[in-house]
Amino acid sequence: MTPQDYERVSQLFDQLQAVPESERPAALEAACPTQPQLRASVLQLLEADRKASQSFLERPAIETAARLLPSEPADLPEPGTTIGNYRLTASIGRGGMAEVFSAEDLRLGRRVAVKILPRQRTTAADRLERFHREARAISSLNHPNIVSIFDAATDQGYSYIAMEYVEGRTLRQILQPGNPLPELDTLLDWLAQIASALHTAHQAGLIHRDIKPENIMVRPDGFLKVLDFGLAKLFEPPSDPDNPPPALLTRPGNIAGTIQYLAPEQLSGSPATPQSDIFSLGVLAYELATRRRPFDGPTDAVIYNAILNTPPASPSCHRPDLPPAFDELVLRALEKVPSLRFQTAGDLRSACRRLLRDHTIRTSSGERLPVSPSTRRPFARYTLVTAFAALALAAWIGRPAPEPRAGNLAPVVQGNRQIRRFVVDSNRIYYNSGELDDTSQMYQVSGNGGEPVLMPHLKGMFPFDVSRDGAKLLLGRYTADAVPQWQVWVGSTVGSPPRLLPGLKAEAARWSPDGESIVYSNGPQLGVARADGSNARLLPVPHGYIRVPDWSPDHRRIRFSATHGGATTSWEVGVDGGGLRQVFAGRAHDDFAGLWSPDGHHFLFTLAADGIRRDLWLQQDRGPWFGLAAPRRWRLTNGPLIASEPAFRPDGRRVFFLGAHEQGELVRYDAAVSLWRPHIGGLAATQLEYSRDGKWITYMGPPGHSIWRSAADGTNRLQLSDASLIASNPRWSPDGSLITFFGNKPGQPSRIYVVPATGGSLRQVSHGEGGPGGETDASFSPDGQSLVYGVQMSDQTVSGQKFGLGIHNLASGRTTPLPGSEGLWSPRWSPDGRFIAALGFPNRIWVYDLTSSTRRQLTDIGGGFPSWSRDGQRLYFESGNTTTWYRLTLASRRLEALSSLRGLDTPPFSVGWVGLDANESLISTRDTSAVSIYAMDLEQP
Amino acid sequence: MDSANRSSVQLTRLLQAWNRGDQDALQRLSEIVYAELRRLASYNLRGERQGHLLQPSALVNEAFLRLMSGAAVDWQNRAHFYGVAARLMRQILVDFARARATVKRGQGDLPLALSAVDLAAEAADSVDLLDVDAALQELAQLHPRQANVVELRFFAGLENREVAACLGISDDTVLRDWRMARAWLFARLHA
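As you go down the protein sequences, you meet chains A and B in turn.
Residues in the first sequence are numbered from 1 upward in steps of one, following the working numbering.
Residues in the second sequence are numbered from 1 upward in steps of one, following the working numbering.
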């Protein structure tokens, strides 16, 4: 056939479409009587057309190609199989690339859910490693609304994750037509629960990536459980760092219709962020409120476009009884630009809770707080029966000891580091917010949260205690005169001006239970005085800095903390000065003596279990068996908050504390406008160093204090150390192949580690050369053969422990002390190899000249950790009290102040650090910590 | 500039160069888009195993969005892109079918990008994309425009309206071309 023939056949084929089938031969005959072959072709094509309209040609070619693959995965185990310790009972669903089974845990006899990856997906070693690493990260999440992960392992070629079996329905089932939509207060409670789960995960550096109704279950008791946390990523195909796969194609459950929950940035291929989860939750909120999706359409392409470009209608357009505040909340979560959404899931949760509170107040006569059902369970009480005493005693010993119940943990006053101290009475919280000077303000707020009310008559005062009747406040006022000190005042909660208790100086003070005496601490001193400040006398104390004194309920004893040499211990002394004894053993980290419960049976304190975060603990005042056995203790909170300043409500049934989420964002100093601006997208990083070629960075960041490496633009992130190590100060080797840092496990001295910049196992290179304090602050020599490091500093002022610098030869593994370096710490090798910059004591910048083995002090002013310029000509450092940054030119000894740090608060973990970007601009970390007053219901055993 | 931006600027430049008749640009453009689409196809095919399938038009859109990273692109460039994308989709799927056939015969290596796909089990239906490809080559000799329509519709999965925009012809013409080409291909394959 020629093209001309074909064209002719096409025309006839086209014309005959309109002709009834029976008349077509005749019509053809008429059209081309001399060409029987052409006629045959056309008739054949018309016949083919009928069949072709139903054929594979009507479906995209990729479906045909895909059909070449097996349609049923054969690589999953059958029910009845035992994988690991789990006997699979039935398949209960398929999520993404994996199958979920209900199973029996053969060791513990409990019912679990086991998610299994088909065999052929788990052949690549790097994927398996990643699968397990990420499963571990997820399993570290401990949150009541996140499904717990028990186990992740590989058995018989199957990689699996064993997790909590959750009874209940998914939100997708609840959204089925015919089911009623949740009431607004239920909905808000649900959203707050999900947001709370997301917040905890985000804090730990995990993003869900796939929030949708299928992934959230509602238990019959009203608890929500978020499933598949971060698993979205686990089931992705292996990543290619140079060409990340597009979100749309690698997301599991890639079925048409599920892109509705994806954030615009996920659709356009950017990495998912916490804000992406917030967007997805916004879509979910919209759907749960209105049964409609904010972005919908017949095809993926239409939905695509809507998510990227179309502002959604307000939810109240579909359901007019929704309040405007709910519209605002949802639309804010659905902002196209991530930075315009809620900044954290915690903010979204708070917004839900506030709205819930307002809504509940409006719709019911009394204030009603959402109470998790679990905390409503009647608390078991035990009675010792005296009849059949021996038998009863045996039974009593054998029965499980009662446990305290804590629940309903929630912030009641949200803020930042400006919240400094607070006290509570039966109904209210009094707190102080502002700078540590006369300009700070006092506020009062309901013990259940709400709008804080300014107490203008108490400006500049810090609350120490509140009287039992709630009428009077014991206050402190900081005076920064010639000698900074704290005065003690007594004020009224209702408005009359406070009066000074003359002669009393104290940083903390509390009224005795009868209100007639005051116990106070001031530096190394502990004293008691009459309530008017008279008759002050000191009590015997151990050496150290005395904090948080508290009365026993019978007002015969005082407990307090003493910090000495980096360790805090808890002590007790009689009001008469007798019976001084240590209550808790001291530890390297911050133990806080805490408070007696109002009934005196328990004791509340904080403990830094992992050396970073601090949890709240409850301990028996006396052990069981009439004090013969050791007192029992229970952990009431379990990270990631840093808890401090605990307080009981007078009835002992509610506990308050200051909870900090410590975090920071990377900033760069823009000298042209004298402003600190977010750097690398405000990366959560500190102690950042660029590689020599400027293409890579290494830094310390969450979770915990982990070491990370990434490309200079923040992509290609790789976590080099996990949160079990408290790691600091990563430094590049000159060739960019290795990174050294130091770190310690909680309660142990720090060690120097080296790790390949491409990841892999850590090599510990120091082994106690620094003595009991450990080794710190390693940096490479310019030839990459050696490290210089110092011994730890924590105790230098008290014990006179020796510290200095050591040179470690990486090939031989031997460390040699650097002669004449005694008293120097935190060394940094200069890029030309000639000098080592270090800190002396007190914090002054020194350089050690390796060619002459001599040292000299460069500055008379205090300084933080020094950083070398790339050419080794200049040193940068901050003043040591975060007020000014300096540049010191070595050749000329010229010292320039570069920037005032006013307006830049650095988080505690970043104090003293200054970095330089590839253009020698200053970089630092801005404090973005959230500090709130949290409340928690407590039933003591 | 991040890598996504770089690749979108590069792609735009190549499209413009190709528009001016630079055949080298087409070659380089093909390499970029081919690599991208090949990867997408391999992901997509793996997704299909679980019964989830994305529309290929979304696939091309996705590639497009990713490659252009939201940079402003005029329609002409977009049309060129679809043209290239369709040809490359065809190449990818045919390569895949060829690899599949090779495995069936128990010889040869899989292309790297597809090697992760499990090819062990038997295919349920064996419509051969290799045959479609061969027939389409014949059609291109007889009626190039109809072959283009098939490429855009069948291989890239575009809607008629989109095909019309790409080729600068009316919707009706697309409809007629498609119907004729479909019948001809079907007859050719079942001859």
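No wet-lab data here; the hints were simulated from the structure.
Misleading hints may appear alongside valid ones.
Restricting the straight-line Cα-Cα distance to at most 20 Å, the calculated cross-link-like pairs of lysine to aspartate or glutamate (DMTMM-like) are [what the hints assert, rightly or not]:
#	chain 1	residue 1	chain 2	residue 2
1	A	Lys695	A	Asp713
2	A	Lys336	A	Glu265
3	A	Lys695	A	Glu435
4	A	Lys51	B	Asp131
5	A	Lys51	B	Asp128
6	A	Lys459	A	Glu435
The structure displayed is predicted, hence computed values, not measured ones.
A quick look at each hint next to the structure:
| no. | hint | verdict |
| --- | --- | --- |
| 1 | A:Lys695 with A:Asp713 | 8 Å, holds |
| 2 | A:Lys336 with A:Glu265 | 8 Å, holds |
| 3 | A:Lys695 with A:Glu435 | 40 Å, violated |
| 4 | A:Lys51 with B:Asp131 | 18 Å, holds |
| 5 | A:Lys51 with B:Asp128 | 17 Å, holds |
| 6 | A:Lys459 with A:Glu435 | 11 Å, holds |
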